[in-house]
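Letter by letter, the chains look like this.
There are 2 protein chains.
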Amino acid sequence: MSSFEQLIAFERETQALGQISGRLGWDQETMMPRGAALQRGEEMAAIEGVLHARRSDPRVAEWLENADAPDEVGRAQLREIRRAYERAVKVPGDLASRIARVTSEAQGKWAQARADEDVAAFLPVLQEVVALKRQEGQALAAGANVYDAMISDYEQGTTSSQIAEIFDAMRPGLVDLRARVLEKPVPMGLSGTFDEAAQMALARQIAVTFGYDLNHGRLDKAVHPFSSGSGLDVRITTRTNPLDPFNCIYSTIHEVGHAAYEQNVDRAYLLTALGRGVSMGVHESQSRIYENQIGRSRAFSGWLFGQMRDRFGDIGVTSEEAFYAAVNRVQNGYIRTESDELQYNLHIMLRFDLERALMLGDLEVSDLEAAWNDRFLADFGYSVDKPSHGCLQDVHWSVGLFGYFPTYSLGNVYAGCLHEALRRDIPDLDDHLARGDTSVATGWLREHLQQHGGLREPRETIAQAAGHDPDHVPLMSYLEEKFSTLYGV
Amino acid sequence: MSSFEQLIAFERETQALGQISGRLGWDQETMMPRGAALQRGEEMAAIEGVLHARRSDPRVAEWLENADAPDEVGRAQLREIRRAYERAVKVPGDLASRIARVTSEAQGKWAQARADEDVAAFLPVLQEVVALKRQEGQALAAGANVYDAMISDYEQGTTSSQIAEIFDAMRPGLVDLRARVLEKPVPMGLSGTFDEAAQMALARQIAVTFGYDLNHGRLDKAVHPFSSGSGLDVRITTRTNPLDPFNCIYSTIHEVGHAAYEQNVDRAYLLTALGRGVSMGVHESQSRIYENQIGRSRAFSGWLFGQMRDRFGDIGVTSEEAFYAAVNRVQNGYIRTESDELQYNLHIMLRFDLERALMLGDLEVSDLEAAWNDRFLADFGYSVDKPSHGCLQDVHWSVGLFGYFPTYSLGNVYAGCLHEALRRDIPDLDDHLARGDTSVATGWLREHLQQHGGLREPRETIAQAAGHDPDHVPLMSYLEEKFSTLYGV
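Heads up: the protein sequence lines correspond to chains U and S, in order. So in the working numbering, spot 60 of the first sequence is number 1374, and the numbers just go up one at a time. So in the working numbering, spot 59 of the second sequence is number 1373, and the numbers just go up one at a time.
Simulated from the structure, these hints should not be mistaken for laboratory data. Any given hint could turn out to be false.
As the list claims (entries may be wrong) - The calculated label-pair distances, taken between Cβ atoms and stated as ranges, are:
hint: 1; chain 1: S; residue 1: A1512; chain 2: U; residue 2: Y1696; range: 14 to 22 Å
hint: 2; chain 1: S; residue 1: R1389; chain 2: U; residue 2: A1445; range: 35 to 43 Å
hint: 3; chain 1: U; residue 1: A1445; chain 2: S; residue 2: R1396; range: 38 to 46 Å
What the hints assert, rightly or not - Sample of chain U residues lacking proximity to chain S, with all beta carbon distances greater than 10 Å (derived):
hint: 4; residue: Q1320
hint: 5; residue: L1331
hint: 6; residue: P1347
hint: 7; residue: A1435
hint: 8; residue: L1496
hint: 9; residue: G1545
hint: 10; residue: T1554
hint: 11; residue: S1633
hint: 12; residue: Y1658
hint: 13; residue: R1770
hint: 14; residue: E1795
Just so you know, even glycine gets a beta-carbon here, dropped at the ideal spot from N, CA and C.
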């Protein structure tokens, strides 16, 4: 075998082991007995140790040096393998193992602290996580910006200054639109109680409607909705709330966006470095366009209204127009994942600033709750009432995800670009959506973006699909038009 | 660190990776989407490759040579690690990977063939499995008996001739007792349909009654009941049949026996070579004594009768005596796992002879169905009516388990020895069981056997608990007394 072939064969096993690690994460959130957490920590540490050893294996450097890629795909494979190798050799193996062990423990403590509304019970382990992640960031940055180094784990080729620039450009428009909208009365929401099994049945139907393949996936309940796995085994979770069926439905559509991206990557890339979504931002662009630009459109929500009336009877709103308004309610609230499209990015900006300060050493973990609460009051105009509505609401930091939050808003920006191009290419899209047929939209996304997996770099992936370099203008125009029309402002 | 300490630390990670491999097996049987089978095969091959590389790592040989065990436990650790190492270096890594890949595929094909009653669809992949397992057996045997080498994977220190000797000694008594019993009318079974969710709820209650710890385990449904995992995460499965609640209940008790053994091993052995049941035969002694000697006793079945009447109302039998007879019905049937205590070993003897012939090359896979059906007719007096009642009924061969079946009957023999000692030590056991309190029995088993895990060799484990070397006489006496009394023969 040539060096290139040896490298690809080795990488194939590494990818398979990476899938196993992901499956353990899924199990931990859905199936694992609570008392198994300690042992699971050791298991995760062991598999992460194996993965780290493989990613930093000296043979990889040798193969990379001698590998001769046969074509464009081969060159992309080498690019991605090289990136993973260069990252891996910067981080000592025992540090990676310690991070795996501590974050496994921290996740359990976070869930308990959140249930108990007890920030103090979570802070000691979060402090450990932050200290370890800063060590990792310093190793990765090699003297440069620690937080930038962490962002590049999720969105290669984007810096925190670039992100701050985009956020600064968007913020005035968002603040202005939000202020105008919140002067108006809040539209009626749904009313009644909604059987949770019936919600799950509807969620399953909608998942399939959006092209999710249950022969290569499954839908379960978990505390935090997520998508996990690549290729032939891509699983999603959602949650139910008897008073708020939209929580279940739109979490499901969101995760289907992630999962469809993974399921639709060219099968030729299965278990290779290209066989998955290229970055978190591009991933989020898929979940967001499924959830918001398609799922919360006037046309699709009209179809969904009929479905919900058929399943639940009286749902408290009685027309498609009122249902559309209910689906797009802008109102005060604490929870990022329940936030509307308009205010969502303000939640992200808060986390972006706080985690950047934590990573750069400008904020102590012991001051985190106060900093969160101060910032929330400043941005939203009212105070956090309990920790599960504040700094304990998200799982991310407990599992060591720093540099990840900003990719949510980058995803929104990318989704804006893609949506503009989709509407241009398919002028009668709404006629399809009004029949509950999303296949022209999902087919366009598969063809222009999803099938390519990791073939091109993130920005190039968006540029190829949208027809131009990503920028925030299409998203802002879309939000302005949608909400000014809906609220008459 | 000393060589001993380095070896134990290395082994700890290997054990953690082994637990991961086991969890993937559980997932495959309970949760995995069907279309993921191909990818799962690659994942299993990758983790098995890692495990094989670790087990045969040259450093292990070096550490073993220099290791100085501090005490008896340390010596036992070295004994078990040495055994695994010596086994691993005999089997080439690529053969182990191929076996993992083919058996993963074969398991799916077996399930489909069984559903379709289509032996021919299963034989080609079984042929591959048999060929690969024979290669493995030849590598392990190094010129000695191939089938003996495979048995020692499950029951170290026992040969096929020893097993044949035990089976020969038991067979006349079993044949005679069976003939006498089957001359009598078959007792009434239960009648009615039994809600499957209610069966699962009862199974869960009984599992807890028998000491199964749901904080370190979980109960799900699967095609074939099994127990999986060690230490803090030991999961079991069962199945339901609306017409036969005993199938669910006694499968659950059986698997709880396996799981309790794993859960009750001394926590000091967690993630070490001693932190699990010592052999399949000893394992089976636990599942059998839970299921049969305790679960099917007159005393415990009296309590269970009350539970079932409370939950299901009219169950078709109206007294404790009639219920006891229903629980211990001896009647003609095809399925090993549904067989009574009396005939069970005849099912095992059939499989023992056939798989020994397959492994020694005395039987072709293409002749397996005919051989099975001929032997079944000879032993049981009537013909197999469909493959799912014959050679497609068990998962074992599809996943490469050859040499495993005889350990079921060894387990029965061991259970006979343990039960005799248990009754001697606790003369009023039936008073406890009649109240549904199994804790004196399970406590005795934990103290005398389960807590020790892999500390002592299998036969020594039984001898220590029973007070004498294992033999088949106590089991035969127990069966003779129980069934001659019950049937008045």
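- Task: Quick one: which hint numbers does this structure break? Sort them smallest to largest.
- Result: Going through the list in order, the structure violates hints 1, 5, 6, 9 and respects the others.
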